[in-house]
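Participant: All chains, full assembly: derive it from the sequences and hints.
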Amino acid sequence: MAVSLDRQRKVITGNAAAAYAAMLCRPDVVAAYPITPQSEVVEQLAKFHADGWLDCEYVTVEGENSAQNVVCAATMAGGRAFTATSSYGLVYMYDAMFNTAGYRAPVVMVNVNREPPGIHAVCAGQQDMISVRDTGWVQLVVENCQEILDTVIMAFRLAEDFEIQLPVMVNYDGYYLSFLAESVDIPGIAEVDRYLEVLKSQPRRPRLLPGQAVGCGSHGIGTGYVELRKKHMAAMERVKSKLEEIEEEFAAMFGRKYGGQIEEYRTDDAEILLVTSGSAVGTARTVIDAKRAEGINVGLVKLRLFRPFPRERLSEVLRGRKAIGVLDRSICFGWDCGPLYMEIRALTPEVGIVPMLSFIDGLANMDITKEHIGQMIDAIVSAAQKKSYRQVTWLP
Amino acid sequence: MLAKEIRFHGRGGQGAVLAARMLASACAVEGKYVASFPMFGFERRGMPVVAFTRFDDQPIREKTQVYAPDALVVIDPTLLGIRALFDGLKPEGILVLNSPRPLVEAPHPSVHKAAVINATAVALCEIGRDVPNTCLLGALARATGWVSLDSVLAGLAEHLEGDMLKKNIRNAERGYHEVEVLTW
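Those protein sequence lines, which keep their order, are chains S and R. Numbering of the first sequence is given in our numbering, commencing with residue 34 and proceeding in unit increments. Numbering of the second sequence is given in our numbering, commencing with residue 30 and proceeding in unit increments.
Please note: incorrect hints may appear among the correct ones.
Restricting the straight-line Cα-Cα distance to at most 20 Å, the calculated cross-link-like pairs of lysine to aspartate or glutamate (EDC-like) are [stated by the list, open to error]:
1. 43/S to 86/R
2. 403/S to 116/R
3. 43/S to 190/R
4. 119/R to 404/S
5. 403/S to 85/R
6. 43/S to 179/R
7. 43/S to 116/R
8. 403/S to 99/R
9. 80/S to 95/S
10. 290/S to 304/S
11. 264/S to 404/S
12. 80/S to 190/R
13. 43/S to 209/R
Estimated spans, in silico, between C-beta atoms of each pair [claimed, not checked]:
14. 236/S to 75/R: 55 to 61 Å
15. 59/R to 36/S: 22 to 28 Å
16. 159/R to 92/S: 50 to 56 Å
17. 158/R to 404/S: 37 to 43 Å
18. 76/S to 74/R: 14 to 20 Å
Derived, one-sided and incomplete: chain R residues facing chain S with beta-carbon distance under 10 Å [what the hints assert, rightly or not]:
19. 82
20. 92
21. 93
22. 96
23. 99
24. 154
25. 174
26. 175
27. 178
28. 184
29. 193
30. 195
31. 196
32. 210
33. 211
34. 213
Source of the hints: derived by calculation from the structure; they are not laboratory data. Backbone N, C-alpha and C fix where the C-beta goes; we use that ideal spot for every residue, glycine too.
Facilitator: Here is the structure:
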């Protein structure tokens with residue numbers, strides 16, 4: 034692949050889009066360990082570095098736990114740092130992820146969604162990102178290769194913002210997006226510099242420097258712990274409006290936007306809604322259009338921000354519908370449904386009591402086909418007509 | 030409607046994934062929207078691999094596998110025995126086949142048109158290895174007219190360079206000029 038730092042349009046994979054985005058943000062440190070289906074991100078970044086396009090400290094690590102500790106330390110020393118992982122790699126850095134979040138270290142990480150250990154599956158699935166839900170990271174989920182590139186760039190703006198200072202994880206489906214080649218608009222590095230420039234005018238975040246002692250995560254007893262947790266929680270809540278703000282600026286500069294926390298598709302007059310995330314959103318759009326052509330008033334909600342959970346915006350869009358379906362590419366043990374479904378059910382006091390249907394599809398590379406989504410919409414229609422319905426449906 | 034869907038069948042190491050991507054690059058050269066991805070479990074040489082390419086004059090939103098292909102590109106003739114190989118091939122669809130022997134009859138009742146070339150022999154001659162993928166892209170371009178040979182060669186240049194690019198250009202050109210198109 035011929036490399037250029039000028040603005041260009043190229044057919045590249047989702048993984049290459051992530052690597053390009055990371056390079057354009059001029060990280061000081063990259064440390065990552067390859068794993069299917071993420072390997073190409075690491076290979077590309079290593080090659081960019083070896084060929085002189087990416088001027089950074091490239092740390093070859095022996096595993097993901099070290100990768101996470103390296104990028105955490107790099108950001109605490111004031112640097113910009115990037116890593117990427119998937120599945121087994123993500124859970125291998127589980128303890129380190131808590132550290133990164135607890136230290137408020139603004140790492141940006143790509144997680145290529147793949148089924149986690151247990152049943153060995155080198156296959157797409159969102160269970161990995163669900164399993165790190167409560168580590169205190171911001172989590173975004175995206176739909177196509179362009180959105181991967183754009184969101185990684187926005188992630189640095191979000192993570193390093195003085196009012197946020199949290200690690201950000203950008204998730205995209207393995208196989209269906211990681212290996213998908215599409216035409217992608219790649220901005221020039223000067224444009225990306227301009228977009229990130231505002232960070233330089235913000236107050237400098239506390240840094241670990243030789244000879245200057247700073248306590249980090251070392252005084253977590255009783256009230257000190259509670260104070261840090263409350264501050265972390267408050268920063269997490271600020272992410273919602275900050276994301277929309279930095280996306281507006283992104284749109285003004287690059288001409289593309291994604292709706293911030295959630296995107297509504299044909300929801301205005303919709304009587305019923307389907308909520309989902311990731312690559313299934315694109316397929317769902319085509320099915321929504323087809324069902325609309327048949328006269329069914331159905332709309333789609335794309336969940337883009339998973340942590341913090343966009344409670345307010347979701348409540349607003351879900352309220353007043355006749356039935357709601359939620360499509361998950363993962364499962365929620367102990368609740369016998371999909372995890373996004375479980376969280377959306379928790380909005381019932383705001384949304385009102387209507388039939389809510391959980392659909393589980395796309396586990397272990399199973400294809401979330403147009404036919405499947407058509408069946409889901411048919412089931413939501415039927416529930417909206419007050420017919421009895423199954424609360425949880427596994428497809429196929 | 031310009032939309033077409035192509036399904037590639039090969040074995041790990043024969044370049045099915047890259048061929049599908051190179052076809053996407055070739056169609057993008059002509060200003061089309063494109064999407065291409067493979068589907069396999071483990072990366073292993075010799076394992077059956079499926080890859081998909083879509084092109085359209087509209088943005089491609091669906092992220093699903095291809096179930097009703099307009100063309101099937103079979104890079105490894107030993108895959109002809111796979112039961113599901115021809116599943117969903119459209120009645121007006123075409124089979125682009127690497128075959129060491131001329132086809133005398135349709136390899137499956139749902140095949141009514143086939144473009145056949147001994148791409149392994151061409152690749153061994155032009156590249157020195159059994160990598161028949163780019164030869165079949167030339168054959169596909171000729172048999173369908175969906176994309177020009179020039180665009181196919183431009184697509185190769187997005188993914189290959191130097192000597193390997195030159196050899197594959199010869200491979201694709203020979204596929205284009207030497208393919209035999211049969212109908213039943």
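Participant: Does each hint fit the structure? Answer for all of them.
Facilitator: Results for each hint:
no.: 1; hint: 43/S to 86/R; verdict: holds (17 Å)
no.: 2; hint: 403/S to 116/R; verdict: holds (17 Å)
no.: 3; hint: 43/S to 190/R; verdict: holds (16 Å)
no.: 4; hint: 119/R to 404/S; verdict: holds (18 Å)
no.: 5; hint: 403/S to 85/R; verdict: holds (18 Å)
no.: 6; hint: 43/S to 179/R; verdict: holds (18 Å)
no.: 7; hint: 43/S to 116/R; verdict: violated (32 Å)
no.: 8; hint: 403/S to 99/R; verdict: holds (18 Å)
no.: 9; hint: 80/S to 95/S; verdict: holds (18 Å)
no.: 10; hint: 290/S to 304/S; verdict: violated (26 Å)
no.: 11; hint: 264/S to 404/S; verdict: violated (46 Å)
no.: 12; hint: 80/S to 190/R; verdict: holds (16 Å)
no.: 13; hint: 43/S to 209/R; verdict: violated (33 Å)
no.: 14; hint: 236/S to 75/R: 55 to 61 Å; verdict: holds (58 Å)
no.: 15; hint: 59/R to 36/S: 22 to 28 Å; verdict: holds (24 Å)
no.: 16; hint: 159/R to 92/S: 50 to 56 Å; verdict: violated (39 Å)
no.: 17; hint: 158/R to 404/S: 37 to 43 Å; verdict: holds (40 Å)
no.: 18; hint: 76/S to 74/R: 14 to 20 Å; verdict: holds (18 Å)
no.: 19; hint: 82; verdict: holds (9 Å)
no.: 20; hint: 92; verdict: holds (4 Å)
no.: 21; hint: 93; verdict: holds (5 Å)
no.: 22; hint: 96; verdict: holds (7 Å)
no.: 23; hint: 99; verdict: violated (17 Å)
no.: 24; hint: 154; verdict: violated (28 Å)
no.: 25; hint: 174; verdict: violated (21 Å)
no.: 26; hint: 175; verdict: violated (16 Å)
no.: 27; hint: 178; verdict: violated (18 Å)
no.: 28; hint: 184; verdict: holds (8 Å)
no.: 29; hint: 193; verdict: violated (14 Å)
no.: 30; hint: 195; verdict: violated (16 Å)
no.: 31; hint: 196; verdict: violated (19 Å)
no.: 32; hint: 210; verdict: violated (28 Å)
no.: 33; hint: 211; verdict: violated (31 Å)
no.: 34; hint: 213; verdict: violated (30 Å)
The structure fails to meet hints 7, 10, 11, 13, 16, 23, 24, 25, 26, 27, 29, 30, 31, 32, 33 and 34 from the earlier list, while all remaining hints are met.
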